[in-house]
Amino acid sequence: MNAHDPIVGQAITFEVNGEPVSVRAHPVTRLSSLLRDELGLTGTKVGCDAGDCGACTVLLDGEPACACLVPAASAEGRSVRTVEGLANGRLSALQASFLEHGAAQCGICTPGLLVTATALLEKNARPSEDAVKDALGGVLCRCTGYRKIIAAVMEAWRHDGALDRRLPESGKAVGAAAVRLDGVPKVTGAEKFGADGFPENALSVLVVRSPHYKARFRLGDLDGFVQKRPGIVAVFTAADIPGKNCFGAIPSFADQPALAENSVRFRGEAVALIAGERTAIASLDLAKFPIEWSEEPHTLDPCEAAKEDAALLHDGRPGNVLTKGMVERGDPDAALKGAAHVVSGAIETAYVEHAYIEPEAGFAHMDGDTLVVSACTQAPHMDRDDTALVLGLPVEKVRIVPAATGGGFGSKIDVSLQPLIGLVALKTGRPAALAYTRQESMMSTTKRHPASMTAAIGADTDGKVLGMVFSGDFNTGAYASFGPTVANRVPVHASGPYLTPNYRAEGRAIHTNGPVSGAFRGFGVPQATIIQETLYDELAGKLGMDRLAFRLKNALTDGDETVTGQRLESVGILACLEALQPHWTRALAEAEAFNAAHESRKRGVGVASCWYGCGNTSIANPSTIKAGISRDGGAMLHQGAVDIGQGSNTVIAQIFADALGVPLAEIKLVGADTAITPDAGKTSASRQTFISGKAAEKAAKALREKILRFANVSPEAALAFEPGVVVVREDEAVRRIDLASLPADGEGYVFSAVETYDPPTLPLDEKGQGKPYAVYGWGAQVAELEVDMKLGTVKLIKITAAHDVGRAINPLLVEGQIEGGIAQGIGMALMEEYIPGRTENLHDYLIPTIGDVPPIESILVEVPDPEGPYGAKGLGEHVLIPTAPAILNAIRHATGVLVTKVPATPTRVLAAIREARP
Amino acid sequence: MAEPVEFYEPRTIAEAVAVLASVPDACCLAGGQTLVAGMNMGPLFRPPALVSLQRIDELKGITQRPDGTVVVGAMVTHRTVAQSELFGGGLEVVREAAGCIAHPAIRTMGTIGGSICHADPAADYPAVLIATDATVVVTGPSGIREIPAAEFFVDFMTTSIEPDELVTAITFPPAPADAVSVYEKFTRASGDFATVSVALALSLRHGRCESVRIALGSCGPTPVRAAAAEQRLVQTSLDESDVQDAGRILCDAAAPMDDVRGTADYKLMLIPRLLGRTIQRAQERAVAWRVE
Ligand SMILES: Cc1cc2nc3c(=O)[nH]c(=O)nc-3n(C[C@H](O)[C@H](O)[C@H](O)COP(=O)(O)OP(=O)(O)OC[C@H]3O[C@@H](n4cnc5c(N)ncnc54)[C@H](O)[C@@H]3O)c2cc1C
Ligand code: FES
Ligand code: FES
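Line by line, the protein sequences give chains A and B. Numbering-wise (our numbering), the first sequence opens with residue 7 and increments by one. Numbering-wise (our numbering), the second sequence opens with residue 5 and increments by one.
Calculated from the structure, these hints are not laboratory results. Just so it is clear, the structure is predicted and the values come from calculations on it, not from any experiment. Glycine included, each C-beta is placed from N, C-alpha and C at the ideal position. One should not assume that every hint holds.
Below are the EDC-like pairs computed for lysine to aspartate or glutamate, each with C-alpha atoms no more than 20 Å apart in a straight line [as the list claims (entries may be wrong)]:
no. : chain 1 : residue 1 : chain 2 : residue 2
1   : A       : K907      : B       : D243
2   : A       : K178      : A       : E672
3   : A       : K796      : B       : E89
4   : B       : K64       : A       : E868
5   : A       : K801      : A       : E672
From the derived model, a few chain A residues whose C-beta atoms are all more than 12 Å from chain B [stated by the list, open to error]:
no. : residue
6   : H32
7   : L37
8   : G83
9   : A141
10  : L142
11  : V190
12  : S300
13  : D466
14  : R715
15  : R914
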């Protein structure tokens, strides 16, 4: 070949997992695309396309490399190893170790971690913790908090690859640390996430988005644009939307167009869709898209937006106030006036990005006259309803088949691409596929609300809290999403889990032209807890009391009334705080000793608590679970509570197994799929274990009763399954039910049951009094850290977390939730600040890496709840709430100064230190 | 993904130069860790023609000349530099910097030539080349040029090479036998680009500073070096006041910007403090060395 001639398409020859392959491709085709699109090896994931996330890591001649940055020509002649090549007939020791340690939650990061760690272990079979952190530093995980990953890699040498699933025997499923039932595909690369199952003939969809925060626009000659470009099939705009061009997570506040009409309210808003063949879309230059923008003045600042003369984002929302929430009890003003000690303060927090490693992705196709959407999601039934509404279809004509979801944390509750790809499939009749780019995902999807809060708390001379006032403005961005939920949830929780007889809390959600703020683990409560818990430290200081003792003195107990007047039972906060006592005492002593010996570095210890109501606030949120016994003897659990890594597939099956009275191993999961699983509600508000778990318990009991009644035995009888047979034993008597001889229903079930559970709550009155939640979960954490007084950097040493989960249905998964929540709390406290237009990628926007999460000790407290299934309470969001305030309190303990703007970056920590001692 | 990119894969430096000279807007492709990441952002960032240096063996080695000069081929990866035995003493800073570029997967592919040609002021190599007084060897249609590092980095992401030239090697002159060197990188999280970095090469005799070179990364459009700061340290015993004075002079020479990694004020404040830390580490290294 002559070096002066360009190489166009050529056969790229290399080795994949030991096999030689030859693919015709352009030499700059990325290795990630070669593997995924040409060779069908979708175990290698794409999370950023920029080298930042490591999800695409493969081994190139034995060394880790980001497949998204390797041109095919650079792979020529080399050996490539992917996750698919790790298992050799059986799981590798590392893969088995990952499963047994619970190191894979959603699983999207798992392939990258596994191959990177495999390279490490082949050189160093028993690596130290530091060696593991160095090797895996480039692979991000947003779910696990990394500690179980570190353990899984360090312990892999003990393993021979024979997986011990730890499947419990009959009646012992609840409380067993079983390996997640849906785990194996997560470590083999077989799991199909949103972008992993695109049909060959699918059209690619590209979304044209606003580069402006506020603008009007005029579309030009779209037909001409399409005709001039071979491979481009169609452009769709708001004018093409057959239904109501308006969606929103809370129907009464729905206000967001699927495609903007004439004007946009935030940067990243979708204005048009371009559909075309994959290659044509990949090389399309959007600069030529016929759209004319006229930018208008905008505001990203809620203070500005709330001013009287500010331009309104939405009609009928004066002052740009989306909604207000309020809780009032007693006479807080008089209480503060009469208090011996009063402290007050202000805290500001930033936009936080969910930063799941899987950007939104999925495809849609027509199955007859039914639109089928397969995409990552936290809320299939809500997706169905919103998609049907936008597309003008009856809900029965939309089917949502959730893909595996690579993390959600709240943002994948709202629809994103579902109506968009649905529109293309509906209009063209061809399958339509779309995977958001990282930037697109960050620009266009929801965030945690930035909060600007003030509060005052007063106590008597004994250290009893007398009253509190709180006011918080939450920047809800351009559209409603879950803004109302935040404005309402915060006032209910801002007291913290402490007895507060006199109280007033107001929350406002205010529109700006910023990104839409929505659901994010805790719905505003993590922000509010920062001000409450930092003020508690200050108050303890004024009283001269130990900070933990002050909290113990004020913690809610059984029979106390909350700030909404709800009388509580099974309150676990005291138990959590007491469990922390020895750690607190030790940590304080260690910090004191360290500080006596060091000047430029200072250690600090902080504590903070949480309480959190599980399920929606005072509104119905039922879950329905269906189950049946098939003719071949399978116990089928239609489990529609989407498992986005948190573990509902396993936990709900554990509850179901015990309630049915059969071993967990017998349970077969079906779904989630809106066509075959009933509505189990959204995976949010820490509701699935409690609410769907309870529905599963009820369904199992109903099913059991039907079988026992058929067999005419007492409730104590034991059930067992054999192929085609249910064996019922009572004392010495054995009865075999021959399933094949019995009639089955349309789904092939001989016995079946459907049960719904909706937690009993009461509405809040105009003063916010009532019973907003049926069940609360409780927790407290101690953070230990070291501050470099010259650089303002914070090094975490340890976090000890005590959480009352009522009953740990699966302790391994509980720990996974705790560690993952803490990691997100660390990010929120110390590093994460989303700035629209500036941090729309994972190198400017940093999330904690494997080096940023210190050892975490989890203490599981079990104060059973009479309402929850087997006493269980929710947990998923609770775990994040105490982390940031505990860290800020520890920073103040170390340095003497409180950072009032979160995240507490080195710049801010140092500025606070310098301000305090000029 | 079909892309309208012409692709060339020369086998020799001469062939590469010939392609660069004849194909308009052709651009070298080294490890691709910056270039491909840019191309992934959209058609706007895709050059019309790429000249891959991947198959040019002449660019891939590290060698040491008899006089101690270390010659690193442009295509030598960050991983290879980080593991090389040839960088010790006054050149240890090179190895140390290479080892803290990004994370392991990037170090597998990324190259020293690519890094310096990209000339990102937040990158790690540029300051190191200045502190070690390295020379960049460039080949073009009119032959070979040797460019002192200080003349190579001319502005923000801009170097003094011509579009038809290519970097073939970087030469690091031998350091005095008793020299030590240190790379200090301050980041928001491990794997991040530097908020501020300090590259330092130092010779000590009986605790006194014989000679010193200091360069700062992320503190302006190009690496920052201040001769006056170095002079302030020479022939001192590097006491706190000496270091503070030198730090102040460096701050005056620096022009950091506010960005996501920190405010300009914060970076200015970091400079003297990191300098102090770097010098302390160098002193410790010198002591450890003598003990060995
Ligand atoms: C996630 C991530 C994190 C990173 N973190 C860091 C970091 O912490 N510190 C750091 O220093 N860097 C960092 N980098 C950049 C990394 O070091 C790159 O490897 C480097 O900047 C470019 O080297 P390359 O070989 O990949 O060059 P390429 O990307 O191939 O090329 C870069 C540029 O140099 C030109 N070029 C390349 N070689 C030559 C040559 N021989 N002659 C003339 N022109 C040439 C190319 O045309 C192109 O313009 C990071 C990159 C990523 C993706
Ligand atoms: S997809 Fe390659 S690093 Fe994120
Ligand atoms: S398990 Fe790591 S990102 Fe979900």
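**Asked** Once the closest CB in chain B is found, is it more than 12 Å from A/H32?
**Response** At roughly 6 Å from the nearest Cβ of chain B, A/H32 sits no farther out than 12 Å, so the non-interface label is violated.
**Prompt:** Just checking, A/G83 versus chain B, shortest CB gap more than 12 Å?
**Reply:** Contrary to the label, A/G83 does not stay out of reach of chain B, its closest Cβ about 10 Å off (not over 12 Å).
**Prompt:** Per the stated criterion, does the least C-beta distance between A/S300 and chain B lie above 12 Å, as a non-interface residue requires?
**Reply:** Fine: 23 Å to the nearest Cβ keeps A/S300 off the interface.
**Prompt:** Regarding the pair A/K796 and B/E89, is the alpha-carbon distance no greater than 20 Å?
**Reply:** The hint is violated at about 34 Å.
**Prompt:** Hey, does A/R914 actually stay past 12 Å from chain B on C-beta?
**Reply:** 9 Å, violated
**Prompt:** Is the straight-line distance between the alpha-carbon of A/K178 and that of A/E672 20 Å or less?
**Reply:** Measuring from Cα to Cα gives roughly 13 Å; hence the hint holds.
**Prompt:** Would the pair A/K907 and B/D243 pass a check requiring their Cα atoms to be no farther apart than 20 Å?
**Reply:** 37 Å, violated
**Nearest-CB test (12 Å) between chain B and A/D466** = A/D466 is indeed farther than 12 Å from all Cβ atoms of chain B, at 42 Å.
**Message:** Over 12 Å from every CB of chain B: does A/A141 meet that, or does the non-interface label fail?
**Reply:** The claim breaks: A/A141 does not keep its Cβ more than 12 Å from every Cβ of chain B (closest is about 6 Å).
**Request:** Find the nearest Cβ of chain B to the Cβ of A/L142 and say whether that gap is larger than 12 Å.
**Result:** 8 Å, violated
**Closest CB of chain B to the CB of A/V190 still more than 12 Å away** = Fine: 26 Å to the nearest Cβ keeps A/V190 off the interface.
**Prompt:** Hey, B/K64 versus A/E868, does the alpha-carbon distance stay inside 20 Å?
**Reply:** Roughly 61 Å between the alpha carbons, so the hint for B/K64 and A/E868 is violated.
Of the hints listed earlier, those the structure fails to meet are numbers 1, 3, 4, 5, 6, 7, 8, 9, 10, 15, in rising order.
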